[in-house]
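Chemist: Following the hints, complete the assembly by docking chain B onto the known chain A.
So you can see what is in the structure, the chains are spelled out below.
2 protein chains.
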Amino acid sequence: MLTSLFTDHYELTMLQAALASGAAHRPSVFEAFARRLPEGRRYGVVAGTGRLLEGLKNFHFDDAQLKFLSDTKVVNKETLSYLENFKFTGEVTGYAEGELYFPNSPILTVRSSFAEACVIETYILSILNHDSAIASAASRMIASAGTRPCIEMGSRRTHEESAVAAARAAIIAGFDSTSNLEAGARYGIKTVGTSAHSFTLLHDSEEAAFTAQVNSLGKDTTLLVDTYDVEAGVRTAVKVGGPQLGGVRLDSGDLIAQAGWVRELLDDLGNWNTKITVTSDLDEYAIAALASAPVDSYGVGTALVTGSGHPTASMVYKLVARQDSAGQWIPVAKAAANKTSVGGRKHAIRQLNERNRATAEVVSLSEFSTGGPERKLSIPFVTNGEIDESYIGASGVKKARARHYASIQEMPGVARKLQRGEPVIPTIMRED
Amino acid sequence: MLTSLFTDHYELTMLQAALASGAAHRPSVFEAFARRLPEGRRYGVVAGTGRLLEGLKNFHFDDAQLKFLSDTKVVNKETLSYLENFKFTGEVTGYAEGELYFPNSPILTVRSSFAEACVIETYILSILNHDSAIASAASRMIASAGTRPCIEMGSRRTHEESAVAAARAAIIAGFDSTSNLEAGARYGIKTVGTSAHSFTLLHDSEEAAFTAQVNSLGKDTTLLVDTYDVEAGVRTAVKVGGPQLGGVRLDSGDLIAQAGWVRELLDDLGNWNTKITVTSDLDEYAIAALASAPVDSYGVGTALVTGSGHPTASMVYKLVARQDSAGQWIPVAKAAANKTSVGGRKHAIRQLNERNRATAEVVSLSEFSTGGPERKLSIPFVTNGEIDESYIGASGVKKARARHYASIQEMPGVARKLQRGEPVIPTIMRED
Numbered sequence: 001m002l003t004s005l006f007t008d009h010y011e012l013t014m015l016q017a018a019l020a021s022g023a024a025h026r027p028s029v030f031e032a033f034a035r036r037l038p039e040g041r042r043y044g045v046v047a048g049t050g051r052l053l054e055g056l057k058n059f060h061f062d063d064a065q066l067k068f069l070s071d072t073k074v075v076n077k078e079t080l081s082y083l084e085n086f087k088f089t090g091e092v093t094g095y096a097e098g099e100l101y102f103p104n105s106p107i108l109t110v111r112s113s114f115a116e117a118c119v120i121e122t123y124i125l126s127i128l129n130h131d132s133a134i135a136s137a138a139s140r141m142i143a144s145a146g147t148r149p150c151i152e153m154g155s156r157r158t159h160e161e162s163a164v165a166a167a168r169a170a171i172i173a174g175f176d177s178t179s180n181l182e183a184g185a186r187y188g189i190k191t192v193g194t195s196a197h198s199f200t201l202l203h204d205s206e207e208a209a210f211t212a213q214v215n216s217l218g219k220d221t222t223l224l225v226d227t228y229d230v231e232a233g234v235r236t237a238v239k240v241g242g243p244q245l246g247g248v249r250l251d252s253g254d255l256i257a258q259a260g261w262v263r264e265l266l267d268d269l270g271n272w273n274t275k276i277t278v279t280s281d282l283d284e285y286a287i288a289a290l291a292s293a294p295v296d297s298y299g300v301g302t303a304l305v306t307g308s309g310h311p312t313a314s315m316v317y318k319l320v321a322r323q324d325s326a327g328q329w330i331p332v333a334k335a336a337a338n339k340t341s342v343g344g345r346k347h348a349i350r351q352l353n354e355r356n357r358a359t360a361e362v363v364s365l366s367e368f369s370t371g372g373p374e375r376k377l378s379i380p381f382v383t384n385g386e387i388d389e390s391y392i393g394a395s396g397v398k399k400a401r402a403r404h405y406a407s408i409q410e411m412p413g414v415a416r417k418l419q420r421g422e423p424v425i426p427t428i429m430r431e432d
Numbered sequence: 001m002l003t004s005l006f007t008d009h010y011e012l013t014m015l016q017a018a019l020a021s022g023a024a025h026r027p028s029v030f031e032a033f034a035r036r037l038p039e040g041r042r043y044g045v046v047a048g049t050g051r052l053l054e055g056l057k058n059f060h061f062d063d064a065q066l067k068f069l070s071d072t073k074v075v076n077k078e079t080l081s082y083l084e085n086f087k088f089t090g091e092v093t094g095y096a097e098g099e100l101y102f103p104n105s106p107i108l109t110v111r112s113s114f115a116e117a118c119v120i121e122t123y124i125l126s127i128l129n130h131d132s133a134i135a136s137a138a139s140r141m142i143a144s145a146g147t148r149p150c151i152e153m154g155s156r157r158t159h160e161e162s163a164v165a166a167a168r169a170a171i172i173a174g175f176d177s178t179s180n181l182e183a184g185a186r187y188g189i190k191t192v193g194t195s196a197h198s199f200t201l202l203h204d205s206e207e208a209a210f211t212a213q214v215n216s217l218g219k220d221t222t223l224l225v226d227t228y229d230v231e232a233g234v235r236t237a238v239k240v241g242g243p244q245l246g247g248v249r250l251d252s253g254d255l256i257a258q259a260g261w262v263r264e265l266l267d268d269l270g271n272w273n274t275k276i277t278v279t280s281d282l283d284e285y286a287i288a289a290l291a292s293a294p295v296d297s298y299g300v301g302t303a304l305v306t307g308s309g310h311p312t313a314s315m316v317y318k319l320v321a322r323q324d325s326a327g328q329w330i331p332v333a334k335a336a337a338n339k340t341s342v343g344g345r346k347h348a349i350r351q352l353n354e355r356n357r358a359t360a361e362v363v364s365l366s367e368f369s370t371g372g373p374e375r376k377l378s379i380p381f382v383t384n385g386e387i388d389e390s391y392i393g394a395s396g397v398k399k400a401r402a403r404h405y406a407s408i409q410e411m412p413g414v415a416r417k418l419q420r421g422e423p424v425i426p427t428i429m430r431e432d
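Chains as they are written, first to last, in the UniProt record's numbering: chain A, 1 to 432; chain B, 1 to 432.
Pulled out of the complex, with its shape left as it was, chain A reads as follows (with noise of 0.2 Å):
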């Protein structure tokens, strides 16, 4: 399917006049980043980068989205016979996917003429918000839940396309698993689920539901017990699975007081290695609340794909270098008001001290090094419009997984922390 139309009308505006002017040829640099984290955060992840590389392979205009464009007149004829031969061909560079970022880090950088930067800008922006939204609630989730596995279940809690990105996101954050199975089909994400209230209702009685179910997938299967009455259906769920029943999930009321006195019972019966879910509305601070309770993993949907109460990342693309009609580079940016930016090409470099421990995110307008331990951040996604296809899909998907794993651990161990506070480390911008 083409993406191109995921595209705000003004980005087709701009370039009609661009192109009527001249300057829509000038190179031009844009760059992704937050000016801030959301209010308390200690740090952002960086999520979409995989989605937006396979996306960009079908960023173009075919006939029936030019006729749209024509019929509608959103441009005119020179604009569209520019969109009809439009593909990207410039860089672009930035964080790898599951990179944390901090306030003002370069996150991504396209390097192009003003026309094709200018025309993919909204969809970049879409892409990175939501994902980065979503990656960096998930990744406090899995900081809350330790070693205890946290499984993605919100696909009914929003967009449809977004539930399968959102189930990508929190993978790339440490996730072990997700209901989506459009997720599981498109990045070879591993899919989970057994029944929900419904089935048991379905049946004549609770113990024919689970007799059902254990009959159809297995001994080492999940019950949910909480249906009815949840002492009756732990008792039930044990005299259908035997001792070998693999787990219990539990969706409602008080899930710590709960908790304990089920495993006591499932003890008592002899289900010592049966585990006990818990899935009713969790976010962050409810796992962390259950850390000392006898849970063995969380199923995570709302707060999840909501991004814990800031679900957008914030994100903006702005034009921070051109060149001139002489093809001199000059550093551009917005001077009014409250939206100052700085202009000009950023590099960033994570600064570490000597046990490799983060210290502080660096940030200049040359390449530069800080002296000392350090790992430079940009990596390239894009060069002269070949698009590195290494990070696309599941291969992607584990690459990411994998740098954000490798990135938590180099941060100082406050970055796990869920009371609100500044940033983790620093930015740094420095002068040169």
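No lab work stands behind these hints: they were computed from the structure.
Check each hint, because a few of them may be wrong.
Below 30 Å or equal to it, Euclidean Cα-Cα: the simulated DSS-like pairs (lysine-lysine) are [as the list claims (entries may be wrong)]: (1) A/67 / B/398; (2) A/219 / B/73; (3) B/77 / A/190; (4) A/219 / B/399; (5) B/239 / A/73; (6) B/275 / A/77; (7) B/398 / A/73; (8) A/67 / B/77; (9) A/275 / A/219.
These numbers come from a predicted model, not from an experiment.
Modeler: Okay, now just chain B, sitting in the frame of chain A:
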């Protein structure tokens, strides 16, 4: 594109176990409803139905999807055979798209075999929860804006496909137009847009940029005047565009104060007909605060596409009745803890007073009449698997927009208040 894998894994494992137990074929009724509105909201707006019906046409399983489900062992062979021939053959009724809803309004009712209703659960909820959340927020913005048009421009702040659905939902709720081109192409929605700060920065001066824009897009275009200095920007805009300049856009700073003196400046310069559009992080409260400022239209982005603090409508989809093995209908409901609901198929009527103003949402387990002025809320969407095409595409959006307008007009005026409060009309659950 097929929609059938926009589904949680557990829908298919439930299907498998129910096929094995024989219960899969029991005639069943599921209902989608919201237990409550987001805190303080006076009403919710149903949206997504047209998208759902369109997607339902493509809800079947092709070879690649079946191979995925087989390779990953999501389900067994018997279940794959069932899915191979899957087509929804049941009945869907519900609230018209654009209609208002309240706690426990039976928004969508699906009657079919358990198997069919179960398999489409996740997809139904994804669409209704997302689109209704956006439409509900959009409707409040329209109430705040009064007669001034609102432009949807949040595409860059949400997933690229959510953006299209959000634009559609905004139009249903009364927005005038969108920036999203794909929404224009799919649903015949009016798209608008002119230029961004990057366009000004691209050129050698603001005047050069404005000249390029006016030359290409005409004098009735809207110039963005806050890249450098707003006053100088307005003067340059008038110099370039003359008295026929269409508009200026303010995207930063104190919009209330700015709009005031910019209007005076425009008037002083003779540009009485040049309009002022404001666009910086507006939500329903900011729009209300601007009511007395001389603003002509509002561009709304982030707050719209994220549901203004409530990005999901939290609807659930519950089995409320099913037949037993003797063919008798049995009302069913979860009983445990904090998520109880009422079993049995619901019917809903909006009770009106003699001036056709709504006074209550009346819900009953049987078809009924209040005896006074009233409006039946449920309409047929799918009958014996036959989808009513009139709700799909551009015609569906038009119908939904008209329905929303009429339903809002029918409400007491307090519905338009932004202050937190109870639902504007009570939901009365009748005992019969």
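Chemist: A separate judgement is required for each hint: does it hold in the structure or not?
Modeler: Checked hints:
1. A/67 / B/398: Judged against 30 Å, a Cα distance of about 23 Å means the pair holds.
2. A/219 / B/73: Since the Cα atoms of residue 219 of chain A and residue 73 of chain B sit roughly 16 Å apart, the hinted pair holds (cutoff 30 Å).
3. B/77 / A/190: Roughly 20 Å between the alpha carbons, so the hint for residue 77 of chain B and residue 190 of chain A holds.
4. A/219 / B/399: violated, 51 Å
5. B/239 / A/73: holds, 27 Å
6. B/275 / A/77: holds, 28 Å
7. B/398 / A/73: OK: residue 398 of chain B and residue 73 of chain A at ~21 Å, within 30 Å.
8. A/67 / B/77: violated, 46 Å
9. A/275 / A/219: The hint holds at about 12 Å.
When each numbered hint is compared with the structure, violations occur for hints 4 and 8.
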